[in-house]
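Trainee: Residue-level listing of the chains:
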Amino acid sequence: MAAEALAISSEGLTKRFRGQLAVDHIDLAVPRGAVYGFLGPNGSGKTTTIRMLLGLAYPTSGTAELLGVPVPDGAVSVLSRVGSLVEGPAFYPYLSGWDNLARYDAADRSASSKSAAARIGQALERVGLTAAAKKRYRNYSLGMKQRLAIAAGLLRPRELIILDEPTNGLDPQGTREVRALIRQIAAEGITVFVSSHLLAEVEQVCSHVGVMRVGKLVFQGSLPELRHTGAARITVATADVAAAAKVFGKLGLADPAQGEDTITAELGDAEPEVICAELVHAGVGVRGLSVESPSLEDLFVGLTGEGFDVDH
Amino acid sequence: MSTISRAEVPAAATDGREPAAHVRGNLRFFLNELRLVFFRRRNQLLLAVVVLFPLLIGIGLKLAAPHGGGGGGGGPASGGAAFFNQLAGNGVFLTFIALSLLLILVLPVVIAVISGDSVAGEAGYGTLRYLLTVPAGRTRLLAVKYLTIVVWAVTATVIVSAVALVVGVILFPVGPVTLLSGTTVSLGAGLVRVLLVTLYVCAAMAALGAIGLAVSTFTEHSIGAIAAVMILVVASEVVDQIPQFASVAPYLPTHWWNSFDSLLRTPVDTTTLWHGLLSFGVYAALFCAIAWARFTSGDVTS
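Each protein sequence line maps, in turn, to chains D and G.
Heads up: the first sequence at position 242 corresponds to 242 in our numbering, and the numbers run straight through without jumps.
Heads up: the second sequence at position 163 corresponds to 163 in our numbering, and the numbers run straight through without jumps.
Simulated from the structure, these hints should not be mistaken for laboratory data.
Model, not experiment: these values are computed from the prediction.
From the three backbone atoms N, C-alpha and C, an ideal C-beta is built for every residue, glycine too.
Treat the hints with care, since some could be wrong.
To be verified - Label pairs and their calculated CB-CB ranges: (1) Gln44(G) - Arg18(D): 38 to 44 Å; (2) Lys114(D) - Ile170(G): 55 to 61 Å; (3) His22(G) - Ala5(D): 28 to 34 Å; (4) Thr130(D) - Gln44(G): 25 to 31 Å; (5) Lys114(D) - Gln44(G): 39 to 45 Å; (6) Arg294(G) - Phe17(D): 17 to 23 Å; (7) Ala131(D) - Ala143(G): 51 to 57 Å; (8) Pro172(D) - Gly224(G): 38 to 44 Å; (9) Pro172(D) - Ser297(G): 55 to 61 Å.
What the hints assert, rightly or not - Just a sample of chain D residues kept apart from chain G, beta carbon distances all over 10 Å, derived: (10) Gln20; (11) Leu21; (12) Leu54; (13) Leu56; (14) Asp108; (15) Arg126; (16) Gly128; (17) Leu129; (18) Leu142; (19) Thr175; (20) Glu225; (21) His228; (22) Ala231; (23) Pro294.
Unchecked claim - Computed footprint of chain D on chain G; a stretch qualifies when at least three of its residues, placed anywhere within it, have a C-beta under 8 Å from a C-beta of chain D: (24) 130 to 136; (25) 196 to 203.
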């Protein structure tokens with residue numbers, strides 16, 4: 001029952017390369033119908049996880065299920081219902097876009113040859129490559145290559161689409177196109193699992209996120225849940241910082257930090273109104289008072305650390 | 001109602017028409033692989049080279065042949081030496097000459113390029129990971145790859161034989177075939193020998209293809225795999241020539257390649273032929289097994 005409700009699930013999924021843990025006991029839970037952003041800096045184990053989910057790499061320990069079917073053992077039976085883009089597009093440079101899709105289509109034992117032309121034509125049309133169908137892949141632009149890879153993922157009716165860094169190397173317009181495609185796919189009820197090292201790129205389309213940091217899944221949940229993890233801070237502008245600090249101390253506000261004429265602390269469960277009243281009561285002249293929640297980007301960086309790779 | 005059944009359609013469809021659909025699906029993949037190999041410009045150029053060699057050998061031998069027939073001088077020292085003298089008398093012998101000369105380097109290169117590229121090339125392009133997530137199935141993909149290599153090996157060998165036969169018939173006299181043992185058989189029986197020799201060489205090249213396939217599963221650089229196969233062939237041929245290594249010679253992959261001259265004698269030396277075919281069979285089985293073990297157990301990292 002629980003497995004049926006999940007498009008992807010894993011328990012203690014682990015991958016070790018020559019003694020180094022690339023993926024460290026992660027428990028994924030991707031609900032059906034979700035758009036799941038799989039976030040983390042480069043090298044945090046996202047691609048290795050995806051490779052294990054797709055049966056390309058074998059886990060060192062732990063188990064994983066796609067659409068309720070265990071992988072890698074059941075990979076061949078379940079993968080025809082899963083479209084994927086792993087580590088960038090890969091095609092035969094000397095073949096046209098059409099022939100490249102025909103190649104992957106022919107490799108699918110459950111696809112009938114009679115409807116192949118219709119399938120390929122539709123997939124190309126969906127990503128806007130109909131006009132370039134006869135052009136050699138070698139002459140495609142980066143954005144066209146990326147879109148062709150997505151088309152390959154859409155050749156058959158799918159229940160789950162796994163996209164690994166689909167916007168990598170794309171210009172802002174290409175990124176927007178891919179985002180629109182993800183929305184379109186999700187609108188059809190297909191579960192989308194999309195990895196990225198940039199939160200901003202997936203924030204607008206995701207319903208759920210999982211955050212990876214050096215092989216560990218450090219957060220998993222819906223976007224509102226992620227927002228909740230951020231501690232809101234109260235900032236008070238006043239001439240008498242020392243007196244305000246005393247009041248903060250009396251109220252038990254955590255992590256106070258004093259500036260020249262401001263003081264901030266974690267709001268916690270305290271009511272801003274009460275804090276204001278207490279300050280006034282103690283004779284502290286309040287010039288300004290504000291409560292701020294951290295942005296998702298701040299939360300993300302807080303979870304993953306300020307790695308040199310985080311920004312790009 | 002249609003939305004409910006949507007998810008079940010693929011599973012139900014494959015279960016319903018299992019055997020026929022299965023065969024058709026595999027055939028479709030195999031034909032696509034053949035297309036990919038035979039329509040690739042590089043590979044077509046290789047086949048063009050294969051056509052060119054027997055043509056040049058025929059013309060060269062015709063120009064060099066002394067008038068009035070009969071073998072001149074000592075002739076080349078290679079394994080093909082025995083056939084050269086017969087050529088002036090019968091064009092059919094150009095087939096045997098061409099095959100034995102091309103077996104030294106040209107045919108092995110042509111087989112090594114396709115077999116060494118088979119898996120490594122896909123890994124190099126990154127298409128391997130997409131084929132496996134389609135999903136093509138690892139064993140199924142390997143089977144399709146090896147069958148295609150065999151078709152390629154047969155095609156290249158048959159081209160050599162056919163072109164040599166045509167050129168031989170045009171440039172040299174044709175008639176009853178005098179075998180190496182001195183007996184003469186009819187032209188028809190001679191052509192049957194040509195066919196058998198060709199099939200024997202096909203088997204030898206198919207076995208080499210299995211070695212190439214196995215090497216190909218260990219790397220993502222097809223050039224490396226192709227070079228490794230060629231080094232193996234040349235090393236085996238060199239060792240085969242050194243008398244001190246005579247005890248290991250029968251176990252070398254190239255040792256039995258030229259043994260097809262047994263078919264040009266009466267009675268046919270079947271013991272040698274069976275030894276050769278056994279060697280090819282063992283090499284093919286062993287290296288297909290290595291390829292399978294490696295390919296189905298390792299992570300695909302391309």
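Trainee: Out of the numbered hints, which ones does the structure contradict?
Mentor: Checked against the structure, the hints that fail are numbers 2, 5, 7, 9, 12, 13, 14 and 25, while the rest are satisfied.
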